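So the sequences go chain by chain: A and B.
Per my numbering, residue 1 is the first one in the first sequence, and the count goes up by one each step.
Per my numbering, residue 1 is the first one in the second sequence, and the count goes up by one each step.
No wet-lab data here; the hints were simulated from the structure.
Since the structure is predicted, the reported quantities are computational estimates derived from the model, not experimental observations.
Treat each hint with caution, since some may be false.
What the hints assert, rightly or not - The calculated BS3-like cross-link candidates involving lysine-lysine, where the alpha carbons are at most 30 Å apart (straight line), are:
#	chain 1	residue 1	chain 2	residue 2
1	A	K106	B	K126
2	A	K308	A	K296
3	A	K5	B	K187
4	A	K296	A	K5
5	B	K130	B	K187
6	A	K308	A	K106
Stated by the list, open to error - Not everything, but these chain B residues come out facing chain A in the computed CB check (under 10 Å):
#	residue
7	Q54
8	V62
9	E76
10	N78
11	E94
12	N100
13	G110
14	D121
15	T125
16	K126
From the three backbone atoms N, C-alpha and C, an ideal C-beta is built for every residue, glycine too.
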Amino acid sequence: MKFTKRNLWLLIGLALLILAPIGQGRYIVYTLTSWLVFSIAAMGLNLTLGYAGQISLAQSAFMAVGAYITALLTLNGIHWIVAMPIAVLSSFVLGLLIGFPALRVKGHFLAFVTLAFTTLVFLVLRNEDWLTGGPYGLSGMPRPDFGLFNTGKNINFYYFTVFIFVIFSLLMYQIVRSPWGRAFKGLRENEIRAESLGVNTRRITLLAFAIGSAAGGLAGSLMTPLVQFIEPGSFALLHSLRILLMVIVGGAGFFFGPVVGAGVVIMLPEVLRFTEGYYLMIYAVTVVVLIIFCPKGLVGLGEIISRKILKKKEVRKDFEQGAKL
Amino acid sequence: MTHPLLSVRSVSKRFGNIQAVNDVSFDVQQGEILGLIGPNGSGKSTLFNCLLGQYQPDSGSVALKGSNITGKSPSELNLLGIGRTFQQLSVFPEMTVIDNVILAGQEHSGSMISRLFGSPDAGLTKAAEKLIGFFKISHLRDEPAGSLSYGQQKLLDAAMAFMAEPSLVLLDEPAGGVNLTMLGNLKERLQAFNSEFGTTFVVIEHNMEFVMSLCSRIIVLAEGSVIAEGTPEEIRSNQTVIDAYLGA
Chain A
1 MKFTKRNLWL LIGLALLILA PIGQGRYIVY TLTSWLVFSI AAMGLNLTLG
51 YAGQISLAQS AFMAVGAYIT ALLTLNGIHW IVAMPIAVLS SFVLGLLIGF
101 PALRVKGHFL AFVTLAFTTL VFLVLRNEDW LTGGPYGLSG MPRPDFGLFN
151 TGKNINFYYF TVFIFVIFSL LMYQIVRSPW GRAFKGLREN EIRAESLGVN
201 TRRITLLAFA IGSAAGGLAG SLMTPLVQFI EPGSFALLHS LRILLMVIVG
251 GAGFFFGPVV GAGVVIMLPE VLRFTEGYYL MIYAVTVVVL IIFCPKGLVG
301 LGEIISRKIL KKKEVRKDFE QGAKL
Chain B
1 MTHPLLSVRS VSKRFGNIQA VNDVSFDVQQ GEILGLIGPN GSGKSTLFNC
51 LLGQYQPDSG SVALKGSNIT GKSPSELNLL GIGRTFQQLS VFPEMTVIDN
101 VILAGQEHSG SMISRLFGSP DAGLTKAAEK LIGFFKISHL RDEPAGSLSY
151 GQQKLLDAAM AFMAEPSLVL LDEPAGGVNL TMLGNLKERL QAFNSEFGTT
201 FVVIEHNMEF VMSLCSRIIV LAEGSVIAEG TPEEIRSNQT VIDAYLGA
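Just chain A, with the same shape it has in the complex (with noise of 0.2 Å):
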């Protein structure tokens, strides 16, 4: 493999993930954590809003089934190394189901087919009681033991999800550059082009949407061990909306957009927590500006200055060749 730039980068990334917790307290662990796993969540998203271009407001929905289902399996003595796949292969089936007719719609429509869903998914875990618990939820799932590495502590469960999250970066990532990915893009930019160069469009948009909805379905199947108590508030409309959020906040479209997006919604809260009661709005503000002043979010915001920068460096140079003549 050649060693790039941009390798470098992600080593240095993943250098960061391994130190950040160390000397930290339970807390900060566990936010650690449970911003790596909305990073997965967001980064499903973003395969269906940012590369394929259609809306979405079901992501928490998935997740949910995706807790759910793992939370159920590993109560009654499955390991979560089987559950998980269960819970992610069920998240994508549901997806291909819920999309097959929702997705004959685009834009507000299909937010609002998939808001119904995110109700509806909602409504069936509250009211289910001989299933899901109903209100009170489901606790005391079991996290993995992996005989040598068990995962009960919060730390090793740290790095645990960080382990799952680097896996699934990658699946992602040869899912985003392969023809798929580039079929997503064309998807987007221009639908009636794609069609007329043999993109069956339909098929590949229902793909883009199970395949965020498997996401979702992993970041839920994580929840349940990281928290060990789901309840059908953990999963409502408001944390689709957060996810969302996640994924225009740190950029739709850019790789690793979703992740810096996934730590501004989950960090801010916290970095913020002194203001007390003025928190909620500033971190609206905070959020509100991020949106106006830049459309295309930090990741985007991030490449326009390196970019500036850069060409700053250009201009020095021709400065240096007009001062040799």
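The hints should help you fit chain B onto chain A, whose structure is shown.
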């Protein structure tokens, strides 16, 4: 009996009170360059859209090499070997030029699964580079397509139509807004495809000089119907055509 490459039979399409295409029939022979001309609003683009699956014709049928293709979707028709360009600019603006051209060929390469797990370019980079070289836009290889000039985007659009090695290409006003030098370049490219690979063309065009010098046969539409058909010389001197254009 050999079938014509494309056979259009009594195709009609109505929008509300307007009969956009009225009982149009014609054949396109293998290897010919057919021009489709007519005043604005004569139904050329609607006819194209009926042939290319964007619209469902109200009646009539379209056959490719003798097999019925009426009502097939644009992507199915593309996979059957029909390429097209658009009247408006139609590229993927945020993707690079090379990615635009690779996307134009990737659905013809391998299976759904191999396109997910195989190489990112579906093995098409070399072919795509050759094609943009052919259209003389190689120097723009890694530029986002949206940053290209109008004429360059038209050339890219045309290059994309050829990526999947189609047997038939329908060009909707390829010369519109293209400067003279590029126009000559475009005509040369189309003729080269026609003579080297036997690619068949149907061209909608308002630029009479371009269409008359490129096409071997011309069909004239007015108010949705075919009013004349013949060689460029015959069309040039046809009184009905002259009247239709002058609105007499």
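Earlier hints that do not hold, by number: 1, 3, 6, 8, 15 and 16
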